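**Student:** Residue numbers (this note's numbering), protein chains in the order written: chain A, 1 to 351; chain B, 352 to 702; chain C, 703 to 1326; chain D, 1327 to 1950.
Simulated from the structure, these hints should not be mistaken for lab results. Since the structure is predicted, the reported quantities are computational estimates derived from the model, not experimental observations. Just so you know, not all the hints are guaranteed correct.
Cβ-to-Cβ under 8 angstroms is the rule here; a few derived chain C residues that face chain B [stated by the list, open to error]:
hint	residue
1	T973
2	R977
3	P1158
4	Y1176
5	C1287
C-beta: ideal position from N, C-alpha, C; glycine also.
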Amino acid sequence: MTYLPKPKLAHPELQKNDLGYTRRDYEGSISTLCAGCGHDSISAAIIRACYELSLPPHRIAKLSGIGCSSKTPTYFLGNSHGFNSVHGRMPSVLTGANLANRELIYLGVSGDGDSASIGFGQFSHSIRRGVNMTYIVENNGVYGLTKGQFSATADRGAKNKRGVENMDEAIDMVGIAIQLGATYVARSFSGDKNQLVPLIKGALQHNGAAFIDTISPCVMFNNHEGSTKSYDYVREHNEAVNFMDVVTGREEITVDYEPGTTEIVRQHNGGLLKLRKLANDYDVTDRVAAMNFLETRKARGEIVTGLLYVDPDAEDLHGYLETAEKPFNALTDEELVPGAAALAKLNASLR
Amino acid sequence: MTYLPKPKLAHPELQKNDLGYTRRDYEGSISTLCAGCGHDSISAAIIRACYELSLPPHRIAKLSGIGCSSKTPTYFLGNSHGFNSVHGRMPSVLTGANLANRELIYLGVSGDGDSASIGFGQFSHSIRRGVNMTYIVENNGVYGLTKGQFSATADRGAKNKRGVENMDEAIDMVGIAIQLGATYVARSFSGDKNQLVPLIKGALQHNGAAFIDTISPCVMFNNHEGSTKSYDYVREHNEAVNFMDVVTGREEITVDYEPGTTEIVRQHNGGLLKLRKLANDYDVTDRVAAMNFLETRKARGEIVTGLLYVDPDAEDLHGYLETAEKPFNALTDEELVPGAAALAKLNASLR
Amino acid sequence: MSPQDAAQPLMGSTVPPIQAVNDFVVKFANVNGSGSASANQLFAKAILRMGIPVTPRNIFPSNIQGLPTWYEMRISDKGHMGAREGVDLMVAMNPQTWDEDVKSIRPGGYLFYDNTKPLPASKFRADITVVGMPLTSFTNAAYAVPRERQLFKNIIYVGALSALINIDPKVIEDLLAEQFRGRDKLIAANHKALHMGRDYALAHLPCPLGLQLAASDKVGDRIFIDGNAAAALGALYGGATVCAWYPITPSSSLAEAFTRYCERYRKDKETGKKRYAIVQAEDELASIGMVIGAGWNGARAFTATSGPGISLMSEFIGLSYFAEIPAVIFDVQRSGPSTGMPTRTQQSDIKICAYASHGDTKHPLLLPEDPNECFQFGALSMDLADRLQTTVFVVLDLEIGMNERLTAPLQWDDSRKLDRGKVMTSDELQAGKVFGRYLDVDGDAIPYRTYPGTHPTKGGYFTRGTSRDEFARYTEAGDAYQRNMERLLKKWDTAKTLMPKAVRTDAAAPTKLGVIYYGSTSPAIPEALELIAEQTGASLNQLRLRAFPFGPEVEEFVDAHDTIFVVEQNRDAQMRMLLINELECNPKKLVRVLHYNGAPITAEFIARGIAAHINPTPVREAAE
Amino acid sequence: MSPQDAAQPLMGSTVPPIQAVNDFVVKFANVNGSGSASANQLFAKAILRMGIPVTPRNIFPSNIQGLPTWYEMRISDKGHMGAREGVDLMVAMNPQTWDEDVKSIRPGGYLFYDNTKPLPASKFRADITVVGMPLTSFTNAAYAVPRERQLFKNIIYVGALSALINIDPKVIEDLLAEQFRGRDKLIAANHKALHMGRDYALAHLPCPLGLQLAASDKVGDRIFIDGNAAAALGALYGGATVCAWYPITPSSSLAEAFTRYCERYRKDKETGKKRYAIVQAEDELASIGMVIGAGWNGARAFTATSGPGISLMSEFIGLSYFAEIPAVIFDVQRSGPSTGMPTRTQQSDIKICAYASHGDTKHPLLLPEDPNECFQFGALSMDLADRLQTTVFVVLDLEIGMNERLTAPLQWDDSRKLDRGKVMTSDELQAGKVFGRYLDVDGDAIPYRTYPGTHPTKGGYFTRGTSRDEFARYTEAGDAYQRNMERLLKKWDTAKTLMPKAVRTDAAAPTKLGVIYYGSTSPAIPEALELIAEQTGASLNQLRLRAFPFGPEVEEFVDAHDTIFVVEQNRDAQMRMLLINELECNPKKLVRVLHYNGAPITAEFIARGIAAHINPTPVREAAE
Ligand SMILES: Cc1ncc(C[n+]2csc(CCOP(=O)(O)OP(=O)(O)O)c2C)c(N)n1
Ligand SMILES: Cc1ncc(C[n+]2csc(CCOP(=O)(O)OP(=O)(O)O)c2C)c(N)n1
Ligand code: SF4
Ligand code: SF4
Ligand SMILES: [Mg+2]
Ligand SMILES: [Mg+2]
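With the sequences and hints as input, model every part of the structure.
**Tutor:** Structure (structure tokens):
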């Protein structure tokens, strides 16, 4: 049962990105998830986003908890360091990793059980701290890996495969993320790659805590009638507020959009988010309004997707802590150790 | 350092409530908190609320975590069973206790460190489940017992005693409670007993998850200039949306209030909440509107207090689970054990 | 379709084919999620119905679909239920694992496979008998719908095998009829598929093989149930009303079985209301917290979990120990450390269960050997937790918990009363009985408790994880703290008198050699001792531990022997450590026999380990 | 005001008053939050400045204001630094604890108290010398502002005591001037209060008492620092850059000291930016998670916590063990189990630190005896964690961590290089060096790792808590799993060669008696051995453990002695258990001497325990 590395056939005709990497260079081992699992589509979207952004694969660190979703980092970015940690605790591990080397790009992948049930505390606190990361929850409303129990994002009244209803109030991860100060918040659907890929790209470019709730149906345990996380249900209730395009710094923006329908947001690092508005008057930079919009639509049974909130000038944890630019893991002994003389002085002050 | 039981002097002149108890019967041991600590005022408010509602003291179970706030159950309701559990885990212990005997009244007392930092997960999930309880957070923005570190409710930019600023986004417990489905949500101030006592009474009568965020200054570590949880700061920024009176079932309501200024809410168990509106058009039963109001006012720097949201027809966990009326801890062997005959049948089906 | 179509003809073996009746191992290699599980189970049940003991083991991956899974069946008229090394008949349905599957066949054994697609000769072995059947093409020819093809293919191979090793088809027919009771069309379709396979085999394959089944009477009145289900039933009979759990392999099916049995047995007949509450908590910290809250409030409560859950529960377990609150934890062990091998078995949580939490703590363990004892100990644990007012562990493992086993029928004595321990009632309080929550009034170091809400003015007390005096009043006085800690040690002595005794079985002749074992190692022991006797002539006295702390019988056994082999399924000899710690015996006489690769321990392994020590020829070391 | 105003006159003792120079115990009984702490500390420092060794201990409640607190000072020219039983001079400032305070005075001892309010004669003892001073009325007469009254009252009693036991007032003046440097008014005011108290005493009290101080030279170049601060400095010198912590007594001051020292020593001189990150996590699960994340990514990281935190970290500690990720945990132990006595000392986390987590796990421990070793081991722990790629514990306790101690000056060798363990570089990868994350290439069972982001195409690997092969590829193959577990055992053997050796001190004459101890028990041992020699004539060889796993010197020591006393501050003889488990020695020869009431162990206690065993007259048992 050793994972099979994906056969790396020489495809001389494969397109290369700005860094000279092909799509293959962003792939991982062959997935061992169920055929049709939403999570595999998200892996594909991550691969595409990283490829299109021309990120050097080895400069991305991918971290996860435990669950089918948390297994996926094995299936993309095979040259990146990965860390499949313990259940629900990816956020703290990612935070620590981020502190050790601020130069890498941190991608956290988790499940709804992993992040909303056991990991709700860590999810929440990592968001509050503004850890610079892209945090993707692959949200299927159930625990896939342990065979289909409800997770904390299952809607009240949703039915499991045996017809039993969930009675607990659902946690809306997007609502919580906005409340707790995430500075880039989106929701998407694993079945809509066109929406998802740019959202991931925007998140990867964001400086601060970027969160993407991705509804990702579990074909094995939560794709039936009565589920509110099935492909059919999500397609029916999906209401996108905007459609986004990510324009990297190099490209020029030619503003030829009709005013009022398109919004351009320039993020801290220079990346541009080009937003085609689908819902009128939705202002992605207005936190309070976004929350109210989401709650109102949720009450109507709509699943609002798209880029929901962004603070383009966000600060991140390193900014708050005022840490030096040089990665901690590269500091020399001289930079770390105050030395014998300092100690002698200190001794003197302790007498 | 054994706690001193409060001297129970015979005060024949002490007033008795409907059950024949005096205020003294609701008191506990002498407090060992700092003189002036907000938590002591909350204990006093709990004592008054229980006395005024004529609750039999021994039918209340009081539970807490660890912290100065969590110590307070020793200082009220001396005849009640109490449980000072472990840090941040009161909600689960209370949930289990509640399942074992649905007939008692469950009062959970916690701190902001206990419930918003280490216990944020348990706080959130107990709310989601609709556990029938009164959950009071004695919110001082710091860890009192460990000497003044910031807790997760400390506001971004608030300063500690040494002038160091908090950089993490604050958790607004009220906002979270409403989002997660609490069915009675209030905020109050330990310095305002007139507001607090009726809010506790309403919560004790509520059938479902009732949450009260009570700002409770720590005179030792968080009552200085620069703190946003000091007596002065809270007094200045306090904006009450309503003033409540609790009318027990026995009293008759004579509706002689001006329409539009007073609202009467009848809770499930017959208790009446009489609300004098201070903010125009604030509808305490409209969840989405309440959230929007709170967020809007928070953005303006106001601390909104009062009864913020109530669902008078709320269901509780026992309702969701469809449990029998009789407390589990009183079930007889006959009610519990299916017996030998059933087992013989079962054996037969397993061959 | 005729056998000539098969890509690979039948191949004879270069060594004499194994000849055995009612004593061999069949193993199915499948892909998980392919629906093979129920067909394989049907196969096992059919053999049982023929009166032949069979012990199946499910070996599955930590994923949901598409990875290798095996179903291994030990058939043994002698009643050997431990795992055995080597396979006699391999049903190789998974190309992914072909090589290792073929390798695992004993010389002279048999390989049954789908020869729809040709395989080069190098993929086979000369010393086995190969039986090819064009299963896929045969099934596809008969069924058009993909779903049917998948389902019936499994029944077809069951049919073929029934002919090859002589399973009574009537028995299978009956089982199918029971399974699909009321759905006659389905029954007929299944019967048809069964006979299609069977007829094909009879016509084209070398029926019967050297491996044969013959109706027997060795099953007796035993039932067939997995340990998790039996434990759940035990909890039910023990009066558990609150179950708070968090899903984790291999324990989830315990809570799920409890849910099923409660639905059946514990609803108020009149109102349909539940006399139980099952809460899927948000994590293990919450599930044990709920159990402790319920236990404090007088309900019997439990959780089921596995290693990672125990780690997370550690703080709460210490609270239960120190504040003396009843709780029951079913730990269904899997291979650690960390996430380890979540779908493999091991006995490696002994140490953490016995000593969980910081500070000075110890916890009682119950160690069932089979589903029957899972039931017994499941019920007993509830009494013990209330009696001892502490956390009691029932320590299973994946091997016992998730595999169906032949086990003695479950029994209940209707005159048995649930022992709720020392609870002071309202009447006793009213009558003026002195109540000190941590006061040892009976000399057994177990104090009385009251349920919250018992009496308006008496018996109320405050529970805390901090130090307090005999009347539950907070104190930081060192002497009060120490008195309490000493009482807890004394309570530990009381516990020794209440735990189930270890079971001793002596060899026919007196011997100074002994073997100590527990839990799922149990079925391999008798067979191992037979092998040892054969190989070395030595015989050993046996002691099966059923609980921790140990009773005096364990100390006696250790004292009475010169060399004692402690057989365990972990790396660090964890039970041996408890034996040495608690009994203060000389480590030198306790010899480790350790198996910990995640597979169930076998008689052969044990025998090798012990024999090498008794007769130190250059055999592999036990721990290797 | 004259002495006649005092409500209680001076009272002579019925037994001869104790006469002692530079060898007695003074204890202050105060109320916490009353500002007494700094006055008491001033008192201790003044004695030190006189060249007399003093060992203070803060005994404080688990609350913030209003409860009893004590400051006990052992003054010993001989250099005895362990706690001693009985008090020679009690400064009784807290009416709440009057009775127990008066009781704790040795016959012939002295009581200093505030006699502003009269107390009945029954509140005193005839066998002590009572010295009353109308402190409150005296202070109130001198100061009008309540805040000043509270502050200066403390300085006034320090002044009075300086006269009574002969502290050089100049020394106190200097200390006050240092403390309030630059605030001349405050200095003057303090000096005034000091002399007011002193003058009063000289005029009205029986100066000097039988307890006297005389300038000495026994302090030498030692420094005065608490273990937590020293450990934090050690972490700083060891190159720690990430500290993630959650407040808990008695460990908080370690993280707080690290914060202070980093501010001072670790900012980029030019930019003012921090070369460190300190995060107050939301709980212990998060703090250890962050440490592991940082360790994985190549930064040196640690957390500081106490027992409940270790319990909560158990799951993560198992991950660190199995996935081989460096981490350092400073466990400042307090009295368990559960919340226990959070402000009392104990050595009761040994078991959990050594074996934390489910499955087969073991973790290295460092066991400092004093602040100097806290510094050394704090730095060393960072090297060891990187070298061994696992969690290394530095196990302190409240006694060492939160009390200032005289200790050898901290030293650093500037030629020392931080040992970052086996890290494969980009160049090595580029040069084609084989990289297998879990491959034992050097025979010491320690594999190489790479930092994330090292090389574009080589050296990337996936870290997980599940089983995998030598190249970090996921596998559920039992043999790969077992190979890895065996390598971890072998790595444990490597660890034995890297840990600090135990320190052996032999008695003058050969003896078959030995004593083993560790950590904060250390200062009481020499004195205990003196007492034993006096009482029984016996002498013992000593072994001070400094680490787990044990090196061969520990085994040798155990082998070389017939009876070995294992002195510990816990109930269950936790270190003794590790000795037996790891060394496989016969438990019978290891005799428990256990102290666990939360107070620091005393030489008298140890001597009683050992003497009773050597010479079994009916003395109280050690464990009592
Ligand atoms: C501490 C702990 N508890 C329980 C488990 C068992 N477990 C593994 S995955 C999982 C749930 C995963 O659900 P989710 O995060 O939604 O991922 P999905 O499989 O649905 O993608 C659980 C409970 C575990 N591995 N560790
Ligand atoms: C597991 C654990 N970690 C840490 C502590 C230490 N601790 C005790 S109280 C407390 C914080 C309490 O803060 P809060 O809940 O806000 O209560 P307050 O004292 O402010 O009322 C902490 C961290 C503990 N007791 N247990
Ligand atoms: S069980 Fe569900 S979540 Fe897991 S791999 Fe299968 S479809 Fe995906
Ligand atoms: S420290 Fe703060 S919270 Fe604690 S008792 Fe004192 S004032 Fe109250
Ligand atoms: Mg999920
Ligand atoms: Mg607080």
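**Student:** Should the interface hint for C:R977 be scored as holding, given a Cβ-Cβ cut-off of 8 angstroms against chain B?
**Tutor:** 5 angstroms, holds
**Student:** Measuring from the C-beta of C:C1287 to each C-beta in chain B, is the shortest one below 8 angstroms?
**Tutor:** 36 angstroms, violated
**Student:** How about C:Y1176: closest beta carbon in chain B under 8 angstroms, or not?
**Tutor:** This interface hint holds because 5 angstroms falls under the 8 angstroms limit.
**Student:** For the restraint on C:P1158, tell me whether the closest CB of chain B is nearer than 8 angstroms.
**Tutor:** Status holds, d = 5 angstroms.
**Student:** Closer than 8 angstroms between Cβ atoms is the bar; does C:T973 clear it against chain B? Give me holds or violated.
**Tutor:** 7 angstroms, holds
Figure legend: structure checked against the earlier numbered hints; the only hint not met is number 5.
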